[in-house]
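Trainee: Note that the numbering used here gives residue 230 to position 7 of the sequence shown, counting from 1, and the numbers run on in steps of one.
Check before you lean on any hint, since a few could be wrong.
Distance windows between CB atoms, simulated [said to hold, decoys possible]:
{"hint": "1", "residue 1": "L455", "residue 2": "A338", "range": "35 to 41 Å"}
{"hint": "2", "residue 1": "T489", "residue 2": "T307", "range": "21 to 27 Å"}
{"hint": "3", "residue 1": "C336", "residue 2": "L455", "range": "32 to 38 Å"}
{"hint": "4", "residue 1": "S460", "residue 2": "G542", "range": "43 to 49 Å"}
{"hint": "5", "residue 1": "K544", "residue 2": "D496", "range": "52 to 58 Å"}
{"hint": "6", "residue 1": "V465", "residue 2": "A338", "range": "36 to 42 Å"}
{"hint": "7", "residue 1": "R420", "residue 2": "V465", "range": "20 to 26 Å"}
{"hint": "8", "residue 1": "T489", "residue 2": "E398", "range": "33 to 39 Å"}
{"hint": "9", "residue 1": "A440", "residue 2": "K539", "range": "46 to 52 Å"}
{"hint": "10", "residue 1": "K544", "residue 2": "M475", "range": "22 to 28 Å"}
{"hint": "11", "residue 1": "S460", "residue 2": "A392", "range": "27 to 33 Å"}
Here are the computed lysine-lysine pairs in the PhoX-like style, where the Cα-Cα straight-line distance is at most 20 Å [said to hold, decoys possible]:
{"hint": "12", "residue 1": "K506", "residue 2": "K476"}
{"hint": "13", "residue 1": "K404", "residue 2": "K506"}
{"hint": "14", "residue 1": "K506", "residue 2": "K400"}
{"hint": "15", "residue 1": "K454", "residue 2": "K425"}
{"hint": "16", "residue 1": "K327", "residue 2": "K272"}
{"hint": "17", "residue 1": "K506", "residue 2": "K432"}
{"hint": "18", "residue 1": "K529", "residue 2": "K539"}
{"hint": "19", "residue 1": "K448", "residue 2": "K425"}
{"hint": "20", "residue 1": "K476", "residue 2": "K491"}
{"hint": "21", "residue 1": "K273", "residue 2": "K310"}
{"hint": "22", "residue 1": "K273", "residue 2": "K404"}
{"hint": "23", "residue 1": "K327", "residue 2": "K539"}
{"hint": "24", "residue 1": "K539", "residue 2": "K334"}
{"hint": "25", "residue 1": "K432", "residue 2": "K476"}
{"hint": "26", "residue 1": "K476", "residue 2": "K425"}
{"hint": "27", "residue 1": "K264", "residue 2": "K327"}
{"hint": "28", "residue 1": "K268", "residue 2": "K327"}
{"hint": "29", "residue 1": "K310", "residue 2": "K539"}
{"hint": "30", "residue 1": "K404", "residue 2": "K327"}
In short, the hints are calculated from the structure, not lab data.
Where is the CB? At the ideal position from N, CA and C, for every residue including glycine.
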Amino acid sequence: MASFSVLQWCMTVSILLGSAFAQLSENFYSTSCPQAFSIIKDEVKIAIKKDPGMGASLLHLHFHDCGAGGCDGSILLDDTPSSTGEKSLVVNLNTTRGYEIIDKIKARLEKACPAVVSCADILAVVARDSVVGLGGPNWNVPLGRRDSTEAHPYLTEAIAPLFLAGLDAIILFFEAKGFTKNEFVALQGSHTIGMARCLTYKNHIYDDKNIDPAYAASLRANCPKQGGDSKLTPIDSTTPFVFDNMYFINLMKQKGLLVADQQLYTGKGGTADAIVANYSSSKDNFFNNYVTGIVKLGKMGVLTGKDGEIRTNCRKVNGAKA
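Please build the complete structure, drawing on both the sequences and the hints.
Mentor: Put into structure tokens, the structure is as follows:
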């Protein structure tokens, strides 16, 4: 059975929604809330200074949001007595955090520009500012997303068959939806920051052969064969809090933490070998393709116009009881 990272899962669910990229505007809040960018940037900077690992968490929140129903802020909705939110899904339960940072940003924006900036747009800008704050590329974020009035906890069922496919199949699927192979691999490079639980890489370090023996041995010290499932390890063991191209350099040394990481580079002329090699030698090429890829992803399945709403509290739909 093929193994895919949470990032690949999120990207795959999102593009199942269709291949049309929504029309958004980089100047959407230029008159309605011109201070939005500075407010978001300020809170992201504070959060990363307090906890460098929060940058990766905030970036991944954007991917997880886009992963179910599109980039519509649905990941932020809390469970209610009558409905289960996405936060409670197995894929999100122990892998997403940073919700309180979004709350702080939203509270400041509501004071400055009441009911103007959507939670979905906050997530998209926060993702950019987190990458930039950790040394990664900058880009203009297309804006104008509206927020979903419901969570989408059951969309994972639609992609179950894809988990049985190999890397070649998933790349072809992405290409059919408008992403290039270079963009797909670049987006996987989000793993240049962030942590992974022992449970997610245990089999790789004990059973697989496509991993550097010394690297595997060092990981076993923190991830025992029995127990220790929640222990965390940086996905990029070299510069875990810097958004750079060390992730790809490590892959070429067979130091990919997750199976889904190392399968990108086989060293035997695999589907993505040349791209990984290119990104390992050129950070600029990685950054350029990352930007085009994440901008495309952020436009998938969004709500615009009169669809959805602008939630005043990112944790609940407007009009919901406290």
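Trainee: Which hints, by number, does the structure contradict?
Mentor: 2, 8, 10, 14, 17, 21, 22, 30
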